[in-house]
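Spelled out from the first residue to the last, the chains are:
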Amino acid sequence: MTITTRDPDREELMRLLLAIARSDRRAFQQLYQKISARMFGLCMKLAGQREVAEEALQDAFVQIWHHASEYHSDRGSPLSWMLTIARYRTLDLMRSRAVRRTGGEEHLEHLEDQRSGPLDESLRNAGAKQLTGCLDELSDVQRDSILLSYYRGLTHDELAMALSSPIGTVKSWIRRGLMALKRCLER
Amino acid sequence: MKKTPERIESLAAEYVLGSLKGQARSRFERWMMESGRVRQEVWYWEEKLGQLSDQVPAREPPASVWQAIEHQLWPQKPAVPSTGGRGLWPAWSLMATAAALVLAVILVQQPDPQALPEPGSRLSGAIVQADVSDPLWLVSESGGQRHLRMRSVAASSAQTGKDYELWVVPAEGNPLSLGVVLVGDVLQVKLTDEARTMLHESRTLAISLEPEGGSPTGAPTGPVLHVTRLHEL
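As you go down the protein sequences, you meet chains A and B in turn. According to our numbering, the first sequence is numbered sequentially starting from 1. According to our numbering, the second sequence is numbered sequentially starting from 1001.
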């Protein structure tokens, strides 16, 4: 079993969350200063729209204020817990507003045209380094569909379009890819 | 659909990835509520896939986002005393966020708030709302500090079936009701020794919206519309 990258700020974030659970507003502001840029980067990457990303960031912090006491270590590091909150909120907003339908087509075509495939090379490499190299064991299409879902929030329909493949095929790439990933991570 | 280990495993992964959506997503969320095993699986993937977010470049959000967060959580900035759990205050300040932005000031002509008032000195002030030019109520002590006199000026009646209720909010412990406040009327509230001492210590009044006739429980049950921190002149 591998130990996940130890976040040097982990203790500090833990301390801030505890204080926030006791309604400490100063701690809440410190937390915002510490992680809002990372969170906003993630929301922006996912939504591709400033307005949605800003709203998701706001909602995520309001949730953190109200639910700080619900964090526990089974939920991963404090940072990953908070980023997860922001990510789900962004996905919700994107879907409720049908973000892709407005100006999304162009975005997808653009993705499709790229020679290296629809994913930034930097993110693909980065993804490979994380997850202890297990992504490398997946086929290209499995890995790309997983990373596109994660980073861009593409739905099955959108993936099918972006990867020019039937939706059933895309679904099974994701499902099998994820299960292969888990087998590898558990080794 | 039965929760087989295989289904839990694969749906949890897709839930976290975000590719599970619509009704399937809601159905799975119910599974999460029902089963610790399902939650464990979700947390596993949140932690694993969460590592992917390490690689996304940070971007500084605009300052307006923090302002919006503060405004959403604490619309009445100045009225809330220091943070940290002191009695009912955190809950009260959160309840007050539901109300319209109200700035209320009570002027205290009282040099030492700890001591009981000297004969002749009295509290007075106004409850004002930011978007209304006249005060909603004028408040003053009368009758040798035995009474609090509230005269409604610009206050409008509570909706049908509701009443405004006035409270003294102590530094610690439960608020003490001073009774229902009628609009278009002068209200004389008799201050018990307890209420008077409490008021001079905490210098805080609040008005909540309650069922007709006032709170049935003796504690505020509706939204707190106005929280007023007293200021010394």
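Keep in mind that a hint or two might mislead.
The calculated EDC-like cross-link candidates involving lysine to aspartate or glutamate, where the alpha carbons are at most 16 Å apart (straight line), are [said to hold, decoys possible]: (1) 34(A) with 1054(B); (2) 182(A) with 1006(B); (3) 1021(B) with 92(A); (4) 34(A) with 1047(B); (5) 182(A) with 1054(B); (6) 1021(B) with 157(A); (7) 182(A) with 1009(B).
Bear in mind the hints are in silico, worked out from the structure with no lab data behind them.
Results for each hint:
Annotation: proposed proximity of residue 34(A) to residue 1054(B) holds, straight-line Cα distance about 15 Å (limit 16 Å). A distance of roughly 12 Å separates the Cα atoms of residue 182(A) and residue 1006(B); the hinted pair therefore holds under the 16 Å criterion. Taken as a hint, the residue 1021(B) and residue 92(A) pair is honoured in the structure, with Cα atoms around 9 Å apart against an allowance of 16 Å. Distance restraint check for residue 34(A) and residue 1047(B): the Cα-Cα separation of roughly 20 Å exceeds the 16 Å cut-off, and the hinted pair is therefore not satisfied.
Note on residue 182(A) and residue 1054(B): the hinted pairing is violated, with a Cα-Cα distance of about 19 Å set against a maximum of 16 Å. Of the pairs offered as hints, the one joining residue 1021(B) and residue 157(A) holds, with about 11 Å between alpha carbons and a cut-off of 16 Å not exceeded. This hinted pair checks out: residue 182(A) and residue 1009(B) have alpha carbons roughly 9 Å apart, not beyond 16 Å.
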